[in-house]
Every structure is written in structure tokens, then in C-alpha cells.
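Here are the chains, one letter per residue:
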Amino acid sequence: MCPDIKKKLTETPTYKGPVLVFAALIVLTVLTVLVSIVALSPALSIIAAMSIALVKASLVVVFFMHLKYETRLFWYLILLVAVTFIVITALTFTDYAGRAGLFQ
Amino acid sequence: MTALTAVSHGSGEAEHFDPDASKLGMWLFLFTEIMLFGALFLIYAVYRYNYLNDFRHAAAELSLPFGTINTVVLLSSSLTMVLAIITVKKGEGYFSQMWILATVSLGFLFFCIKLVEWTAKFQHGIFPNSPELITLPRGEVIFFGLYFLMTGLHALHLAIGIVLLIYAGFLANEKNALSSRPVLLENFGLYWHLVDVIWIFLFPLYYLIG
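For the protein sequence lines, the chains are A and B, in the order given. Start counting the first sequence at 1; every next residue gets the next number (the numbering used here). Start counting the second sequence at 1; every next residue gets the next number (the numbering used here).
Among the clues, some could well be false.
[What the hints assert, rightly or not] Here are some, though not all, of the chain A residues that point toward chain B, as calculated from beta-carbon distances under 10 Å:
1) 15
2) 17
3) 98
[What the hints assert, rightly or not] Think about it this way: if two alpha-carbon atoms lie no more than 25 Å apart in a straight line, the pair counts; the simulated BS3-like pairs of lysine-lysine are:
4) A/68 to B/114
5) B/23 to B/114
6) B/23 to B/89
7) B/121 to A/68
8) B/89 to A/16
9) A/16 to A/68
10) B/121 to A/16
11) A/68 to B/90
Hint data in this document are derived by calculation from the structure and do not stem from the laboratory. Bear in mind that the values here come from a model prediction, so they are computed numbers and not experimental data. C-beta atoms are modelled at their ideal positions from N, C-alpha and C, and glycine is treated no differently.
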């Protein structure tokens with residue numbers, strides 16, 4: 001997936017790629033709206049909605065934000081940000097999960 | 001000789017310009033933006049976890065058609081943004097100006113739809129600290145507070161993006177100052193796409209999961 005520093009792509013820009021990615025994003029948007037209308041259980045609907053959102057965001061980051069053509073450094077940095085956010089979220093929830101009565 | 005190098009160091013920004021470093025700098029800035037919105041998403045998650053029923057009830061008040069149309073508008077603006085960058089790289093100043101104009105217009109359209117949506121909420125007495133809002137259950141007050149904060153901050157980012165793109169649009173004229181340094185538009189594009197990515201997550205959290 002991620003190109004090596006040495007053979008960093010000097011891609012010839014075409015219109016076809018971005019249009020295809022855009023079509024995929026629209027299809028996923030329609031899909032996520034349809035899934036939300038079909039009454040799934042609360043847990044399932046969150047999982048479905050957030051999974052589709054993650055796929056959409058990845059499409060934008062990888063293709064529109066050109067991550068596909070960047071060096072490994074950018075991939076590692078984004079991974080670092082993602083891991084940091086996951087750790088902060090996990091730590092916060094381990095705290096709140098043990099104090100369910102806090103907001104009542 | 002030394003004097004010459006000194007001069008070229010002093011004035012020659014162009015000679016030492018590194019587009020990769022410029023892009024890396026932009027990404028580092030975007031990471032701080034991700035952490036800013038990330039904190040808000042985390043606050044949303046914690047309150048949703050604690051006020052699940054209130055959140056579900058309040059979310060039903062938001063307009064799914066408005067949210068969906070705005071998602072499509074913003075995704076379209078991301079496409080026109082990419083096309084603007086491609087045309088700038090090809091040196092087609094006129095076309096890049098047109099694509100930038102299209103992107104700015106779609107940004108404005110998003111803004112207008114958001115405005116209509118907010119106005120409808122205001123008319124129903126739902127705005128921060130309104131007398132009607134504070135009579136609602138605590139979880140719903142928090143939901144709408146977060147809704148206005150997060151979509152408002154997102155709209156502010158969009159407004160900044162529009163200003164940046166108008167500036168880029170002027171540079172992409174016939175003389176085409178942009179094509180000699182396309183990384184400027186690429187960086188504006190990165191920012192624009194990040195605003196799109198944030199909306200991609202805001203949309204399901206506020207409009208879809210009930």
C-alpha cells in the first residue's frame with residue numbers, strides 16, 4: 001500500500017480516479033442512511049454507522065489527501081495520532097465505566 | 001562569495017523552498033485539529049454513554065434530509081478540490097480557477113443549508129441557554145449543547161477554508177502563480193478534506209444513530 005521513499009510516485013494526475021472515489025463515497029453515504037432507517041438494535045446501528053464512516057474517512061485520507069502517494073513517514077505519523085486517540089479514549093472509558101452513577 | 005550566499009539566504013526563500021517539508025508542516029497542524037475535534041468526540045461519547053435515552057430522543061429532532069444533503073454537498077466539494085489541484089499541476093490556470101470557484105460555492109451551499117437548519121432549531125426555541133432548552137432533560141441539553149458546539153466549530157473551519165480558497169483562486173489566474181508552487185493549493189486542499197473527514201463522523205453521530 002505505502003510506496004517506498006525511493007520510488008515515491010510522481011503520478012500523472014487523471015480525473016478518473018477521484019471521480020471513482022467520489023462515486024464510492026456517495027454510495028456509502030446512501031448505504032449508511034438506509035442502514036439507519038432500517039431499525040437495527042442500538043449497538044448494531046452504532047457499529048454499522050461508525051464502520052461506514054471509517055471507510056469513508058479512509059477513502060478521503062488515502063486518495064483525496066494523497067496519502068497513497070506520500071512516504072512511509074506520513075503513514076507512521078497518522079498511525080501515531082490514531083493510537084494516541086484510541087489510548088485516550090480507552091483510558092477515559094475505563095474511568096467512567098466504573099462510575100456509572102456519576103451523572104444521575 | 002560569502003556576501004552572496006548571505007544575500008541568497010536572506011531573500012531567497014524560493015531557492016530553499018521544500019514542498020515536502022511544507023506538506024509535513026500542514027499535516028502536523030492537521031493532527032492538532034484532529035486532537036481538538038477528537039476531544040469533543042470523546043466528550044460526546046462519554047455523555048452518550050451516560051445519557052443514552054436522552055441522546056436518542058434529542059437526535060430524533062435533527063433533520064436527516066438536511067444532514068444527508070450537506071454530506072453530499074461536502075463530498076462533492078472535496079471532489080472539485082481534488083480536480084482544482086490536478087488542473088493546477090497541469091498548468092491549466094483557467095480550469096483550476098473554475099474548480100476552486102466550484103469548491104467555494106459548494107462550501108457556501110453547505111453553510112446556507114446549515115444556517116437554514118440552525119434557524120429552524122432557533123425558531124423552535126432550541127439554542128444554547130434558551131428558556132425552552134433548559135426545561136428539557138439534562139442529557140438533551142447536553143446533546144444540543146454539543147451539537148451547536150461541534151457543528152459550529154466545524155462551520156467555522158469551513159469558513160476559514162473558504163477564505164483560503166478564495167485567496168488561492170486569485171493566485172490561479174492567467175499568470176498562474178499557483179502552478180509554480182502547487183503545494184500551496186495542496187495544503188489548502190488537505191485542510192479542506194480534513195473538514196470533510198470531520199463531517200463524515202459528525203453526520204452519523206448526530207443524524208443517524210438514534
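Verification of the hints:
no., hint, in the structure
1, 15, "7 Å, holds"
2, 17, "9 Å, holds"
3, 98, "12 Å, violated"
4, A/68 to B/114, "32 Å, violated"
5, B/23 to B/114, "31 Å, violated"
6, B/23 to B/89, "16 Å, holds"
7, B/121 to A/68, "41 Å, violated"
8, B/89 to A/16, "16 Å, holds"
9, A/16 to A/68, "16 Å, holds"
10, B/121 to A/16, "40 Å, violated"
11, A/68 to B/90, "20 Å, holds"
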